[in-house]
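Participant: Spelled out from the first residue to the last, the chains are:
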Amino acid sequence: MTDEAHHAPHPTTGQYVKIAILLAIVTAFEVALFYLDDAVDMGGWDGPLLIALSFFKFVVVIGWFMHLRFEKPVLTRFFAGGFLLALSLYGIVVGSFLVGLITR
Amino acid sequence: MAETVATADTHAADHESFGIDNRKLGMWLFLSSEFLFFGALITNYLVYGGDTFGATVVPREVYDIPFTSVSSFVLLMSSLTMVLAHHALTTGDQNGTRTWLLATAMLGSIFLGGQVFEFYEFINVQGMTLTTNPASSAFFMLTGFHGAHVAIGVIMLLSLFGMAKRQGGLSQQHGMNLELVGLYWHFVDIIWIVIFTVVYLLGAV
Amino acid sequence: MTATAERSTTMTIFRRPESTEGFWSWVTTVDHKKIGIMYGYAAFIFFIVGGLEALLLRIQLAGPNGDFLTAAEYNAMFSTHGLTMIFLFVMPISAAFMNYLLPLMIGARDVAFPRLNAMSFWLFFFGALFIYSVIFFGDVTPPLGVEGVPGNIDPSQQTLLGGLPDGGWFLYQPNAGPSFSPGTAVDFALLGLQILGIASLVSAVNFLTTIFNMRAKGMRLLRMPVFIWMTMVVAFLLLFSLPIIAVALFMGTFDRAFGTLFFQAAGGGDPILWQHLFWLFGHPEVYILILPAMGIVSEVLPVFSRKPLFGYAAIVFAGGGIAFLGFGVWAHHMFSSALTPVAQAAFGLSTMTIAIPTGIKIFNWLGTMWGGRIRFTTPMLFAVGFVAMFVIGGLSGVTHSIVPSDWQQTDTYYIVAHFHYVLFGGSIFGLFAGLYYWFPKLTGRMMNEALGKTHFWIQFVGFNLTFAPMHWLGLQGMVRRTWRYAPETNFGPWNLAVTIGAFTIAVGILVFMFNWSWSKRKGPNSGLDPWDARTIEWSIPNPTPHYNYAENPTVTSLDHFWHMKYTEDSEGRAVRRDDADDTIARLEHDGRNPSSPIHLPNPSYFPILMASGVPLIAYGIIYHRGVAGKLLILIGAVISIGSLLGWGMEPLEEPHDGGGEHEPAMAEAH
Chain A
1 MTDEAHHAPH
11 PTTGQYVKIA
21 ILLAIVTAFE
31 VALFYLDDAV
41 DMGGWDGPLL
51 IALSFFKFVV
61 VIGWFMHLRF
71 EKPVLTRFFA
81 GGFLLALSLY
91 GIVVGSFLVG
101 LITR
Chain B
1 MAETVATADT
11 HAADHESFGI
21 DNRKLGMWLF
31 LSSEFLFFGA
41 LITNYLVYGG
51 DTFGATVVPR
61 EVYDIPFTSV
71 SSFVLLMSSL
81 TMVLAHHALT
91 TGDQNGTRTW
101 LLATAMLGSI
111 FLGGQVFEFY
121 EFINVQGMTL
131 TTNPASSAFF
141 MLTGFHGAHV
151 AIGVIMLLSL
161 FGMAKRQGGL
171 SQQHGMNLEL
181 VGLYWHFVDI
191 IWIVIFTVVY
201 LLGAV
Chain C
1 MTATAERSTT
11 MTIFRRPEST
21 EGFWSWVTTV
31 DHKKIGIMYG
41 YAAFIFFIVG
51 GLEALLLRIQ
61 LAGPNGDFLT
71 AAEYNAMFST
81 HGLTMIFLFV
91 MPISAAFMNY
101 LLPLMIGARD
111 VAFPRLNAMS
121 FWLFFFGALF
131 IYSVIFFGDV
141 TPPLGVEGVP
151 GNIDPSQQTL
161 LGGLPDGGWF
171 LYQPNAGPSF
181 SPGTAVDFAL
191 LGLQILGIAS
201 LVSAVNFLTT
211 IFNMRAKGMR
221 LLRMPVFIWM
231 TMVVAFLLLF
241 SLPIIAVALF
251 MGTFDRAFGT
261 LFFQAAGGGD
271 PILWQHLFWL
281 FGHPEVYILI
291 LPAMGIVSEV
301 LPVFSRKPLF
311 GYAAIVFAGG
321 GIAFLGFGVW
331 AHHMFSSALT
341 PVAQAAFGLS
351 TMTIAIPTGI
361 KIFNWLGTMW
371 GGRIRFTTPM
381 LFAVGFVAMF
391 VIGGLSGVTH
401 SIVPSDWQQT
411 DTYYIVAHFH
421 YVLFGGSIFG
431 LFAGLYYWFP
441 KLTGRMMNEA
451 LGKTHFWIQF
461 VGFNLTFAPM
471 HWLGLQGMVR
481 RTWRYAPETN
491 FGPWNLAVTI
501 GAFTIAVGIL
511 VFMFNWSWSK
521 RKGPNSGLDP
531 WDARTIEWSI
541 PNPTPHYNYA
551 ENPTVTSLDH
561 FWHMKYTEDS
571 EGRAVRRDDA
581 DDTIARLEHD
591 GRNPSSPIHL
601 PNPSYFPILM
611 ASGVPLIAYG
621 IIYHRGVAGK
631 LLILIGAVIS
641 IGSLLGWGME
651 PLEEPHDGGG
661 EHEPAMAEAH
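Protein chains in written order, with our numbering: chain A, 1 to 104; chain B, 1 to 205; chain C, 1 to 670.
The following block holds chain A by itself, in its conformation from the complex (with noise of 0.2 Å):
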């Protein structure tokens, strides 16, 4: 048997449904976002809650459905690495182009 045994039970399948439908009112909640921001100005708000939103269906993906939470945390480092890893080098990258800081 595999060393899951040992570690912290498994979530059951309710728990896995309800995690669903909390993703699922979430991304309706985005998509309802998306259109009340055209009908109202949400002055610049919009972007950074659909981003929080979104990252916070990344997280519960990874933590319950990849199963991170209850895995050794070795295995968050990894991933978080190359998750920072990437925000970072791109975020240079993008921000270069964009906001005109590196490249003229």
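I should point out that these hints are in silico values taken from the structure, not numbers from a laboratory.
If you're wondering where the values come from, they're calculated on a predicted model, not measured in any experiment.
This list has only true hints and no planted wrong ones.
Label-pair distances were calculated between CB atoms; the ranges are:
hint : chain 1 : residue 1 : chain 2 : residue 2 : range
1    : B       : Ala151    : C       : Phe317    : 39 to 45 Å
2    : A       : Phe70     : C       : Glu21     : 45 to 51 Å
3    : B       : Ala151    : C       : Ser336    : 38 to 44 Å
4    : A       : Arg69     : B       : Asp51     : 38 to 44 Å
5    : C       : Pro655    : A       : Leu87     : 44 to 50 Å
6    : B       : Tyr120    : C       : Thr353    : 50 to 56 Å
7    : C       : Ile374    : A       : Gly63     : 54 to 60 Å
8    : C       : Phe317    : A       : Leu87     : 21 to 27 Å
9    : B       : Tyr120    : C       : Phe317    : 52 to 58 Å
To spell it out: a stretch of chain B is covered by chain C in this simulated footprint if at least three of its residues, at any positions, have a beta carbon under 8 Å from a beta carbon of chain C; those stretches are:
hint : segment
10   : 14 to 22
11   : 45 to 53
12   : 134 to 144
13   : 153 to 163
Glycine included, every Cβ here is placed at the ideal spot set by N, Cα and C.
Given the coordinates of chain A, assemble chains B and C onto it according to the supplied hints.
Facilitator: Same frame as chain A, but now just chains B and C:
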């Protein structure tokens, strides 16, 4: 790969280890690297996606948000069926495993069908092709490679389904393979979560 | 869990291969040692090829207004020289060392994924052949995907050499794009590198899993040899940098093959994007090139100084620091590409900081030698040569980090001098140290010392004669990548010296090749511990038995093997134990006589089969406009995907009822 698994339990006295199955560790390492792959493709889109190129059609003008929302929902639900397949296997429910594997493959195929339809619309109706301008190139490249990843995932799911059907169930060896395919599948889903927001929702005019 | 499903043999197409000797045993091997040896010989062949390319360049540049090569041939030669040396020599020969030594140095019997390991080798090998097959299949016809644009070379004037990829090893866009590099030569480079990248990425995952999960009992991470730490760091660098170049290569390929507009300025594309993506990979790449050699030197110096490595932990963490910082300096390759002052300052500073962990390593190596009783064997000469030459190369590197200085140095021979001092004086000297040092593990024999020292001195003199003058030639204004220079520049005399130096290096290499092949067959027996070494790969017989360790070792400290032979007196000096010789004799005997049978992963056809499909896909992409190309893509995909499916159903080890190499017993490889 069907391999003799040495776990922390059986071999703890024999060697030093992180206590994570080799194949699982390998898959997580590989997926960590995929952030750099999709990150480059997203960067490509972010660099070009906001520009105009003469009178040519750019992606942000042609998105069909309702349609893509449904596609996104389908892919999200496929993550649920994937995790249910894995859960079924761990509780010894071979029938459930097969059912949910097939369901995941079908939802993935529906997503792909949606992508194909969307591409058809863009190319034939809107006149935006791979080579129309750098933004369209970047869009098709990003979503195309994501779609290719989904397609590979569907092939793997169907292979597992086929193996389960032929052999009357998945063995412990192949149980690990299902978990690995599951990790890959969820990863492809989270990349789409990013793409849907960053490319479609934030991009659309 | 339900009952284990019985494996149906009717699912497999092939009977499992069984050979342990001869040609087929190499083709189907999954043994890390055989794989390492294949990497090594293949890499060395490409070293010769790259060296010949360099000699051709040097003949052309030996005097002003050379016409030994045409301009087109010159461009192809410096491009393929770079591609070959970096991707087909230094990387694979480092892979050879890592493959052969990793399990041995951590006390394992193989790597975590033996079949993936074999696949990585075959992908490399076929990818390398694919690149050079451009000689037979490449052409200089009007560019793909861009109708009506004339090629910039008249096809009737294409020569053999001139048909090779000519966009530099860095393939800057749009110069290496469809408009300015028509024909298919550059496609072979782009797609070939893609194939090689897949091979290395898979290896990285393999090595990391092996290091994390398969160390011998007692070998905590901070008891691993430095070479293994460097292998780990290199694997992380590969893991995170290769995907970036993969995307860049796809974009470049698509621009050429399918007419996308990523880098075509006329269509609104931005060539700077290529530079960012390329160097995001390219800078970590150069640390990938140097760290294995640094690891080798960290093993060799202590043995021949008869002292422990000074500051082991500092060297380990400095290696990690170099890798981490290495991701933050890429735009220093772009100082003359219109970055803003803010960016230039930031990247200049970050580049300077890399000197810190590098300096830590250098001082620790010096500290290792200080006060030691040094034996100047051939490996030691190369290791010391590495330290000296790398310092010179590193110093010129630091001068590049000063941005205005770099503006003058860029595109001159000063840069060429810098990177050859670190890559040749550094990596290659370090790799030679490793070849001489570990030769006994491979063959059970010793290389000839006199020939070895001859090789060293010829190569040392030749190397410095070749590359030292490039520093001042560059500062005097001699431009890179330019096929000839005018007599008025007065660059002639030093260029002639450089050319003589290059041929001197060639002589040294010939000495090495003779020494290697002669010693393999006729060298004196080495015994178990010819160098009085420190690490556990020397605690098993030479040549290495195919099961590596007869018994799984248990390790109680860093340099465990050393402590089996030596204890310390009251002043901390090493004192050989009375029973040291008995220990060695016992290890020799026990190492050849496992107490119980050992079972190893069986050979397999699937790795080479899977790898063979990928170049077919690549050829298909190049010729995709025709039916043949589309067919090739289909066939290649079927072969590769089919192999993967078959592979997934094949067990790593066959059920052992008399099959396989030994009778059933503990299965240690996973």
